[in-house]
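> Chain by chain, the residues run as shown.
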Amino acid sequence: MKDIVPELKIEQIKKLALDGERLDGRSLDQFREFTIEKDIIGTAEGSARLKLGGTEVLVGVKIGLGKPYSNKPDHGMLATSVELKSIAHHTFEPFQATTKAKAIEISRVVDRGIRESGMIDLEKLCMEPGKKVWMANLDIMVLDFDGNIFDASTLGALAALKDIIVPASNFDLGEDFQLPLGEMPVSTTFVKIGDHIMLDPTATEEAVADARLTVTTDTLGNLRAMQKGLSGVLYYEDVTKAIKDSISIGNMIRETVRGN
Amino acid sequence: MKDIVPELKIEQIKKLALDGERLDGRSLDQFREFTIEKDIIGTAEGSARLKLGGTEVLVGVKIGLGKPYSNKPDHGMLATSVELKSIAHHTFEPFQATTKAKAIEISRVVDRGIRESGMIDLEKLCMEPGKKVWMANLDIMVLDFDGNIFDASTLGALAALKDIIVPASNFDLGEDFQLPLGEMPVSTTFVKIGDHIMLDPTATEEAVADARLTVTTDTLGNLRAMQKGLSGVLYYEDVTKAIKDSISIGNMIRETVRGN
Amino acid sequence: MKDIVPELKIEQIKKLALDGERLDGRSLDQFREFTIEKDIIGTAEGSARLKLGGTEVLVGVKIGLGKPYSNKPDHGMLATSVELKSIAHHTFEPFQATTKAKAIEISRVVDRGIRESGMIDLEKLCMEPGKKVWMANLDIMVLDFDGNIFDASTLGALAALKDIIVPASNFDLGEDFQLPLGEMPVSTTFVKIGDHIMLDPTATEEAVADARLTVTTDTLGNLRAMQKGLSGVLYYEDVTKAIKDSISIGNMIRETVRGN
Amino acid sequence: MKLVKEKLIDGDGKRRDGRTFDMLRPIKIDAGPLKNADGSAYIEWGNNKIMVGVYGPRELQQKHLQEPDRAIVQVQYTMASFSVEDRKKPGQGRRENEISKILSEALEGVIISDQYPRTAINVFIEVLEAGAGTRCAGLTAASVALADAGIPMRGLVASCAAGKIDGQVVLDLDKLEDNIGDADLPVGIIPTTGEIVLLQMDGHLSDLEFEKAFGLARDACMKIHELQREALSRKYFNEGESPKEDEPDGEVTS
Amino acid sequence: MKLVKEKLIDGDGKRRDGRTFDMLRPIKIDAGPLKNADGSAYIEWGNNKIMVGVYGPRELQQKHLQEPDRAIVQVQYTMASFSVEDRKKPGQGRRENEISKILSEALEGVIISDQYPRTAINVFIEVLEAGAGTRCAGLTAASVALADAGIPMRGLVASCAAGKIDGQVVLDLDKLEDNIGDADLPVGIIPTTGEIVLLQMDGHLSDLEFEKAFGLARDACMKIHELQREALSRKYFNEGESPKEDEPDGEVTS
Amino acid sequence: MKLVKEKLIDGDGKRRDGRTFDMLRPIKIDAGPLKNADGSAYIEWGNNKIMVGVYGPRELQQKHLQEPDRAIVQVQYTMASFSVEDRKKPGQGRRENEISKILSEALEGVIISDQYPRTAINVFIEVLEAGAGTRCAGLTAASVALADAGIPMRGLVASCAAGKIDGQVVLDLDKLEDNIGDADLPVGIIPTTGEIVLLQMDGHLSDLEFEKAFGLARDACMKIHELQREALSRKYFNEGESPKEDEPDGEVTS
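Chains as they are written, first to last, in the working numbering: chain A, 3 to 262; chain B, 3 to 262; chain C, 3 to 262; chain D, 37 to 290; chain E, 37 to 290; chain F, 37 to 290.
No lab work stands behind these hints: they were computed from the structure.
Here a beta-carbon is modelled for each residue, glycine too, at the ideal position from N, C-alpha and C.
One or more of the hints may lead you astray.
Stated by the list, open to error - In the DSSO-like style, the derived pairs of lysine-lysine whose C-alpha atoms are separated by at most 30 angstroms in a straight line are:
no., chain 1, residue 1, chain 2, residue 2
1, C, K164, B, K133
2, F, K125, C, K74
3, A, K104, F, K211
4, E, K99, F, K99
5, A, K69, A, K102
6, A, K104, D, K99
7, D, K259, D, K248
8, A, K16, A, K74
9, E, K43, C, K74
10, D, K259, A, K104
11, A, K69, D, K99
Stated by the list, open to error - Output of the computed footprint for chain C on chain E, the stretches with three or more beta carbons under 8 angstroms from beta carbons of chain C:
no., region
12, 81-94
13, 141-149
14, 172-186
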């Protein structure tokens, strides 16, 4: 049976969008309020709970030792995972292929944003080239879902990575030191519904969206990662507009995170 | 379609129980006869086939070397598995979540009984702290099922662990020696059906039981492990009665095993 | 619903066979034409694309280092896999148990033919007994399926293994050298349909076959591996005839491969 | 690294964190923190931090598990990778599997489920930080989350462990006490009726010690029960620390 | 550890365990040892110890595997973790997968299965101790278990391997002979008809050696067939070592 | 082994293989090489060698994935174990999973799928040798294979990456350029309409560099589109290098 609700919802969303409005009262290029609680998990070197509207993610970072990748023998390692937990939404079934594929895509996009921006200075995390390097396991659990896990995850990761102390002394490897950080990337995700581009979509908006675009930018307004998703198409103008918005909004978001 | 047979069976079992009787003629607190055949598997350091009524388990113990757990660097290791093989009952499907969960629960309860009683003196099985210790793989296969795998498995494990020779010379690690044993724990499992507590349930009794309680006791009558199961409730008096029975019956069982 | 087509097909095949004919015009003991393209994959030490009628396999061989099996401490290692890719036939579903079981059987029969004939001189691939040996990963992908993957895989493997240079210098282990080869085994696969034995079956013939027999022979006409399959029976005379045919046809095939 | 057996109780009968033998660690319960779940609860208990979400009753996808006369309860107890000192590998371990099973059974006996044939009630227990006693804390929070979801129960389940350290029976072991202690006895009961829905034990207890330990745990469950009611009251009646006097005791039936 | 090629046959033509080239290891078959299985058999053959249980014909859960005109046969051959010198890891390995497949096919050709459309006959072969020749011993016992389950067959399958050691063709290799021998040829036949249901070979055999090896295996299958019938007779007729004379030879049709 | 950052562009603006910044590697496309697949294509693009097969529209086995008003597109992108320098372990990795997903979405937007409710169109992309840019080459070949299968599309998708090396924006990175370069920007478009179906980027690009890179990729897609049409023409019209003039441009509707 074909579900008729989404079609009605699409009509409503498109109608509002003609006047620059959205179901939750935001303008099309408005990011939702977000709150960050830091260092809440005692067993993790870094952690943060991020709430973006009705979306909530919990991010934990564990620091350990590992053998470096053979093609990066003198770099520390970062491993990012995103879990779409069943607790977060009735449609999330972690063992189903579709949920798994979504989680993998998000984790890889978040990882690329952080990695390509050089947020973590991995070269400083090498203990013994080819043999022993520091490894950061960045695990992101989605606990409540109202859209835009891409940006919520990146924001939560930023907060969790800030101010981490690498516990070198626990491993008899010298003094503890602060995890060396560089750039602070911010990702902004847009959806296209009909002809309208909307920033920071809710679950309802995502459910009816034609296309999605995530743009990750750094302090200088450079692009660090992009990812188009969903089966609708984008035009070149959609992309350049999104990049422009991403740079300006990214800077505002970055200031907010820095304040935390 | 709701199966009507169990309800009829429950009525019959409860009616008999009012007179202290059971379907197979036993009294409520009577353990079934059991037989033990020892050292039947040439490729295992220890083995036993245990038949408890219509339940049959085959237990094999392999002794090898391993790296100790990081939180027990100077202890040998014990790993217990219980397999509910399809051969044993038409309802056992090892790849289904429910069968798997049952097997895991049983193996963990059996393991705790043996481990917490100190039956194997694991401290004497350390070769090189943090690096090399002896490891006992205790594998329990259920071949025929007529209830009470908990106790059948523990009994079979006791028999298989007795008189094991650790093959140290095979590994160039000195002379072979007898696996050092301490306490001999005995587990006794009860089910509650209506208001009646019955020891050593058959498959039929388990199928209609409200609650299950396994109590593992040692020579001195001390508790070493307990596990309540199933969704029915128990009262405090049920538990204290089971403990009392477990101690007295456990001693009888222990003598029988020792005789083997 | 019972599929009626196979029964009609069987009748037709049997009728033709009475006159020594087959659907594709071959005689009963005729092997299809095959073509070999060698060294097509730059990332593999050895590779070949083999087309046998409408069956196409791509074989890649990667050479690496590994720890030898404990029961063959002074032998290099060979690991053979056959993948029945979904791309090759609408009935191939690699994650289904039946497709998986077929692939495993084929890979093990191909492996035995190559291993038991001593085609690769594994003793010469030992670097440090018990510690470090050369390992050949022989991976066979089926890309298009029209029957007889057994022989196509063995033939493709022969072609891919020929003229491999072991890249010892890449590992600082001396000079590169040619992979030492011995015998060149050839496998020939027959099916029995009714009373008729047919060589090198097509997909259609396999689908209606009662029994299958693969015979792998060496240059001297010795048997190196055999495998009966399917639920139909064979008689002793069927087997001895297949062996006789295998030896004579195997020699012809071997010459063709050598020419490549 | 050799574990030296530390002294867990000092001469004044105080434990390392200052508690006496019969004291609970600090407990905070929040009812309904999640928006999507039909019911939810968050609990902090000592160092434990656990989020519980409930979905259902809803149609059970796996037909072969459906019960024609009642809902089934599927608890999924999961430890976050970062919830323990040594990072936990992804995927459900055997310990998590066992705890999920016994908590499913514990709650199934409490939920009045015959109104919802062929459905499942899913309870997701997410251990965010683990500090000994997670199954008791998880069960306690799950009860609150079920009540928050409006699922009828014969009573709220409260759960707590007692144990033995330095040869003495004490309440509510913390992580070190659990690691090097002598025994652990997790108990889950409906405090208003005394029905036992969870009971496990490992270690070494005489029958008298068992009685004492069980008594400590049972008394603690009474206190925990109050905290559960307060959490629900705060959400549903916007009240402060104490629930309404005239509310039926712990009964949460629809 | 380097394997030195031991001498497997001495000057008198005796093998390490005293057998001549054409002798079987000791074989004991017990029909019907299990209570729950619809049919069962236990076999000891040299050091091999194998339990076989049969369930079915019963409804096949996986609809897509159902055959509209017959029962399918699903053999599951499994090695216990402790059945071999180096502990076997849990889970079905590739070798077990292959053997399960060929034994399924071997038995499917023998069972008169068109009376049971859309069903499965499940045969569980549990190798408790493995000492070379487990697939033959398992197939031999599976036949007996199927007969014990009352499943109609065109005949009992008997199975045995021949092989080559020290350049000589011999019957029924033991573990060391199998490990360092030159060839192995497992054969499964219906002795009463000569139909071949199982045939594998690996190693190195000339065509003449093959003929000799096959002959040895075939003759041995005749003897094994007698042991199978005796096992069934002991169960069903409470007889001693020999079955009734007037019983149809090896036919076990319902 | 420490990677020394090599110079990727020489003083004359030539790259290591002699290409200028705006040149593609050699590309060869063959339409319809496979017999069983409903449509197929083989592409060689630099060192990349990729076989694509299409099956469908056909009934979708997993009912819960069926769409009542259209076909779904399931792309499975797989790397052969021998397709890369360090042998790839069997099984789908996370990278393959992601690429499969984005290519499924890219093609779903192009296929006119409402004629085939409840069905699936399966696209198997087998990377036989990988030499940077496999997702673009795979998408390009998949378009041809879909056309070969007669599946109606709003246009052929062409795909190509641009990137940045030695600080300069260039087209179509090869393996070393990709490994040690500064940025990669894979683009997939319908050249006849300018619709973007695939867009990813990682590395470091200013907005102006993005514009330049996107422009290079878009122009290259025009050329690739010609190669796709030629491949199809060779198969369907037995023609040489150029397609019929009067054929609707890139439209492949049934």
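> Each hint should be assessed against the structure and marked as holding or not.
Consistency of the hints with the structure:
For the hint pairing C:K164 with B:K133, the CA-to-CA distance comes to about 45 angstroms; that exceeds 30 angstroms, so the pair is violated. The suggested pairing of F:K125 with C:K74 holds, with an alpha-carbon distance near 24 angstroms, which does not exceed 30 angstroms. Taking the CA atoms of A:K104 and F:K211, the gap is near 28 angstroms; set against the 30 angstroms cutoff, the hint holds. Using a Cα cut-off of 30 angstroms, the hinted pair E:K99 and F:K99 holds, with the two alpha carbons roughly 14 angstroms apart.
Distance hint between A:K69 and A:K102 is fulfilled; the C-alpha atoms sit about 27 angstroms from each other, no more than 30 angstroms. With a C-alpha separation of about 26 angstroms, the suggested pair A:K104 and D:K99 falls inside the 30 angstroms cut-off, and the hint holds. The straight-line distance between the Cα atoms of D:K259 and D:K248 is roughly 17 angstroms, inside the 30 angstroms bound, and the hint therefore holds. The hinted pair formed by A:K16 and A:K74 fails the criterion: a straight-line CA distance of about 48 angstroms is larger than 30 angstroms.
A C-alpha spacing of about 19 angstroms is found between E:K43 and C:K74, which places the hinted pair at or below 30 angstroms, so the restraint holds. Distance hint between D:K259 and A:K104 is unfulfilled; the C-alpha atoms sit about 43 angstroms from each other, more than 30 angstroms. About 46 angstroms separates the Cα atoms of A:K69 and D:K99, which puts this hinted pair outside 30 angstroms; it is violated. Here's how the region 81-94 of chain E fares: 0 of its residues keep a CB closer than 8 angstroms to some CB of chain C, so the rule of at least three is not met and the hint is violated.
With a threshold of 8 angstroms between beta carbons, the proposed coverage of the region 141-149 of chain E by chain C holds, since 4 of its residues qualify and at least three are required. Proximity of the region 172-186 of chain E to chain C, defined as three or more residues with a beta carbon under 8 angstroms from a beta carbon of that chain, is not established by the 0 residues found.
The structure fails hints 1, 8, 10, 11, 12 and 14 (numbered hints given earlier, in ascending order).
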